[in-house]
Amino acid sequence: MITVRCFAAVREILGYDTRKLAPSDTLQRASDVLNAVAGPRIADLPRPLLVAINCEHAALTSPVHDGDEVAFFPPVSGG
Amino acid sequence: MITVRCFAAVREILGYDTRKLAPSDTLQRASDVLNAVAGPRIADLPRPLLVAINCEHAALTSPVHDGDEVAFFPPVSGG
Amino acid sequence: MIVRLQTEDFDPEHEAQALGVKGAGARVSFVGTVRDMAADRTITALDIEHYPEMTKAEIMRIGAAALARCALLDVLIIHRHGHLAAGDRIVLVVTWAAHRKTAFRGCEEIVDALKTRAPFWKKEITDQGDIWVPGEIPAP
Amino acid sequence: MIVRLQTEDFDPEHEAQALGVKGAGARVSFVGTVRDMAADRTITALDIEHYPEMTKAEIMRIGAAALARCALLDVLIIHRHGHLAAGDRIVLVVTWAAHRKTAFRGCEEIVDALKTRAPFWKKEITDQGDIWVPGEIPAP
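Residue numbers (my numbering), protein chains in the order written: chain F, 2 to 80; chain C, 2 to 80; chain L, 1471 to 1610; chain Y, 1471 to 1610.
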């Protein structure tokens, strides 16, 4: 399975913080995962949208594999 | 009177920390004061040699007046 | 290197002393606090959300990078999350080095990296409503 | 702005809290300590001589310049003189600002200026004898 995590405004807009997706040939990259979970609400998400795969910063073009955790969130604000 | 103050290695080399000089036409600049108090030992003093007049950083070429306090010291090391 | 995430407050001096770093000529500390004003609004509180599984790992990577690049002797990073009031401390970053320039450089690099890379999101509770604080976009 | 010269030790956090600065989002602190090693020698103590009539005035000028140039909210500078042991604190510089960059800039500017402008001279008591620490030459 692929675990999808959403944080902050992304979580508020999509309405959940965790979802599981069955791996599929159509889920090659993080952007494919985003399309699958966001659907038409993708237009409402904050830009730029950041991506992490397995707790490391990644890109929408990064490849996704079975077992990965893919997170979507707005620009961060630590410190 | 002109008060002369010496600090750190300058004090150690010249052998005193304070001296008074009567104002004179030959004491126009800080360098004149230095020559008057150091004599031949001027060659032993650390270089560069810093100067303060009335507790503000100055230069060997700065003018000196009756009542001034003129200080000579090596580069400082605060902090 | 110590990295800690917590909801509770901390005492900056106590935390720095506890590391017992020896031989450092210079120590630089950064303490970030919740501001009570921002532009036109009064801030009463800050809710800090984070990504627990990622946050500590990412901060460790940030600290380790600065430790190596700036030849630091040690690094301490404490970051709070949860509900904070105006004036509360949010973050402490302390760097130790033989000389001042590297201690300053390391501390500022870590604070900058926390701003753009550590997965925290802040919602200000203000007199004009609740507002997500815009994050900083990392340089490409 | 508080500037203090003293022979006694200080507690950095206690001193910073005592100022009670409000509305600062960022606080940067520098603590300088007596190193116990330098290149090839072991340092057991440091004798710090200063120019009492000038020191406080010069540090006030340094603090005021940074306060204005970096839009700081407040500045605290404590500098010790006299006989210090290895590991002892020498100096504390704390800057408060709305944002981190100005707090870092102000603190580092003050520490740099203390190095080249504040009339202190340090003699290291080492296993190789007593050695004047070379001062830093101010940039022209």
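Derived by calculation from the structure, the hints in this document are not laboratory data.
Just so you know, even glycine gets a beta-carbon here, dropped at the ideal spot from N, CA and C.
Misleading hints may appear alongside valid ones.
In silico negatives: residues of chain Y with every beta carbon more than 10 Å from chain L [to be verified]: (1) Asp1479; (2) Glu1483; (3) Ala1494; (4) Val1501; (5) Ala1568; (6) Glu1578.
Dumping the calculated DSBU-like pairs for lysine-lysine here, alpha-carbon to alpha-carbon at most 35 Å [stated by the list, open to error]: (7) L:Lys1571 - Y:Lys1585; (8) L:Lys1526 - Y:Lys1571; (9) L:Lys1593 - Y:Lys1571; (10) Y:Lys1571 - L:Lys1492; (11) L:Lys1585 - F:Lys21; (12) F:Lys21 - L:Lys1526; (13) Y:Lys1593 - Y:Lys1492; (14) Y:Lys1593 - L:Lys1492; (15) Y:Lys1593 - L:Lys1585; (16) C:Lys21 - Y:Lys1585; (17) L:Lys1585 - L:Lys1526; (18) L:Lys1492 - F:Lys21; (19) Y:Lys1585 - Y:Lys1571; (20) L:Lys1593 - L:Lys1526; (21) Y:Lys1585 - L:Lys1585; (22) L:Lys1526 - L:Lys1492; (23) Y:Lys1526 - Y:Lys1492; (24) Y:Lys1571 - Y:Lys1526; (25) Y:Lys1593 - L:Lys1526; (26) Y:Lys1492 - C:Lys21; (27) L:Lys1593 - Y:Lys1585; (28) Y:Lys1585 - L:Lys1492; (29) Y:Lys1593 - L:Lys1593; (30) L:Lys1492 - L:Lys1593; (31) L:Lys1593 - Y:Lys1526; (32) Y:Lys1585 - Y:Lys1492; (33) L:Lys1526 - Y:Lys1526; (34) L:Lys1585 - L:Lys1571; (35) Y:Lys1571 - L:Lys1571; (36) L:Lys1526 - L:Lys1571.
Cross-check of the supplied hints:
Annotated as non-interface, Asp1479 of chain Y keeps its C-beta farther than 10 Å from every C-beta of chain L; the closest such distance is 13 Å. Once the 10 Å rule is applied to beta carbons, Glu1483 of chain Y is inconsistent with being away from chain L; the minimum gap is 3 Å. The Cβ of Ala1494 of chain Y does not lie farther than 10 Å from every Cβ of chain L; its closest approach is about 7 Å, which violates its non-interface assignment. Not every C-beta of chain L lies more than 10 Å from that of Val1501 of chain Y, the closest at about 4 Å, which undercuts listing it as non-interface.
For Ala1568 of chain Y, the requirement that its beta carbon stay farther than 10 Å from each beta carbon of chain L is not met, with the minimum near 7 Å. The claim that Glu1578 of chain Y lies off the interface is violated: its Cβ sits roughly 5 Å from the closest Cβ of chain L, which falls inside the 10 Å cut-off. Between Lys1571 of chain L and Lys1585 of chain Y the CA atoms are separated by roughly 12 Å; this keeps the pair inside 35 Å, and the hint holds. This hinted pair checks out: Lys1526 of chain L and Lys1571 of chain Y have alpha carbons roughly 24 Å apart, not beyond 35 Å.
Taking the CA atoms of Lys1593 of chain L and Lys1571 of chain Y, the gap is about 22 Å. The hint holds against a cut of 35 Å. For the hint pairing Lys1571 of chain Y with Lys1492 of chain L, the CA-to-CA distance comes to about 28 Å; that is within 35 Å, so the pair holds. Distance hint between Lys1585 of chain L and Lys21 of chain F is fulfilled; the C-alpha atoms sit about 29 Å from each other, no more than 35 Å. Proximity of Lys21 of chain F to Lys1526 of chain L is assessed by CA-CA distance (about 24 Å); at most 35 Å being required, the pair is judged to hold.
The suggested pairing of Lys1593 of chain Y with Lys1492 of chain Y is violated, with an alpha-carbon distance near 39 Å, which exceeds 35 Å. The straight-line distance between the Cα atoms of Lys1593 of chain Y and Lys1492 of chain L is roughly 21 Å, inside the 35 Å bound, and the hint therefore holds. Restraint check for Lys1593 of chain Y and Lys1585 of chain L: not satisfied, since their Cα atoms lie roughly 42 Å apart, outside the 35 Å limit. With a C-alpha separation of about 30 Å, the suggested pairing of Lys21 of chain C with Lys1585 of chain Y holds against the 35 Å cut-off.
With a C-alpha separation of about 14 Å, the suggested pair Lys1585 of chain L and Lys1526 of chain L falls inside the 35 Å cut-off, and the hint holds. Between Lys1492 of chain L and Lys21 of chain F the alpha-carbon distance is near 49 Å, which puts this suggested pair outside the 35 Å criterion. As the CA atoms of Lys1585 of chain Y and Lys1571 of chain Y are separated by approximately 21 Å, the hinted pair is consistent with the 35 Å bound. About 20 Å separates the Cα atoms of Lys1593 of chain L and Lys1526 of chain L, which keeps this hinted pair within 35 Å; it holds.
In summary, the hint linking Lys1585 of chain Y to Lys1585 of chain L is supported, as the alpha carbons are separated by about 31 Å, within the 35 Å threshold. Note on Lys1526 of chain L and Lys1492 of chain L: the hinted pairing holds, with a Cα-Cα distance of about 26 Å set against a maximum of 35 Å. A hinted pair counts as satisfied when its Cα atoms are at most 35 Å apart, and Lys1526 of chain Y with Lys1492 of chain Y qualifies at roughly 26 Å. Between the alpha carbons of Lys1571 of chain Y and Lys1526 of chain Y the distance comes to roughly 27 Å, so the proposed pair stays at or under 35 Å and holds.
Under the criterion of a C-alpha separation no larger than 35 Å, the hint pairing Lys1593 of chain Y with Lys1526 of chain L is inconsistent with the structure, at around 44 Å. A threshold of 35 Å between alpha carbons decides the hint, and for Lys1492 of chain Y with Lys21 of chain C the separation of about 49 Å lies outside it, so the pair is violated. Pair hint Lys1593 of chain L plus Lys1585 of chain Y does not hold up; C-alpha atoms about 42 Å apart against a cutoff of 35 Å. In summary, the hint linking Lys1585 of chain Y to Lys1492 of chain L is supported, as the alpha carbons are separated by about 22 Å, within the 35 Å threshold.
About 52 Å separates the Cα atoms of Lys1593 of chain Y and Lys1593 of chain L, which puts this hinted pair outside 35 Å; it is violated. Restraint check for Lys1492 of chain L and Lys1593 of chain L: the C-alpha separation of about 39 Å exceeds 35 Å, so the hint is violated. Under the criterion of a C-alpha separation no larger than 35 Å, the hint pairing Lys1593 of chain L with Lys1526 of chain Y is inconsistent with the structure, at around 44 Å. Simply put, Lys1585 of chain Y and Lys1492 of chain Y have alpha-carbon atoms about 29 Å apart, close enough for the 35 Å limit, and the pair holds.
A C-alpha spacing of about 44 Å is found between Lys1526 of chain L and Lys1526 of chain Y, which places the hinted pair above 35 Å, so the restraint is violated. Taking the CA atoms of Lys1585 of chain L and Lys1571 of chain L, the gap is about 21 Å. The hint holds against a cut of 35 Å. Taking the CA atoms of Lys1571 of chain Y and Lys1571 of chain L, the gap is near 15 Å; set against the 35 Å cutoff, the hint holds. With a C-alpha separation of about 27 Å, the suggested pair Lys1526 of chain L and Lys1571 of chain L falls inside the 35 Å cut-off, and the hint holds.
The earlier numbered hints that this structure contradicts are 2, 3, 4, 5, 6, 13, 15, 18, 25, 26, 27, 29, 30, 31, 33.
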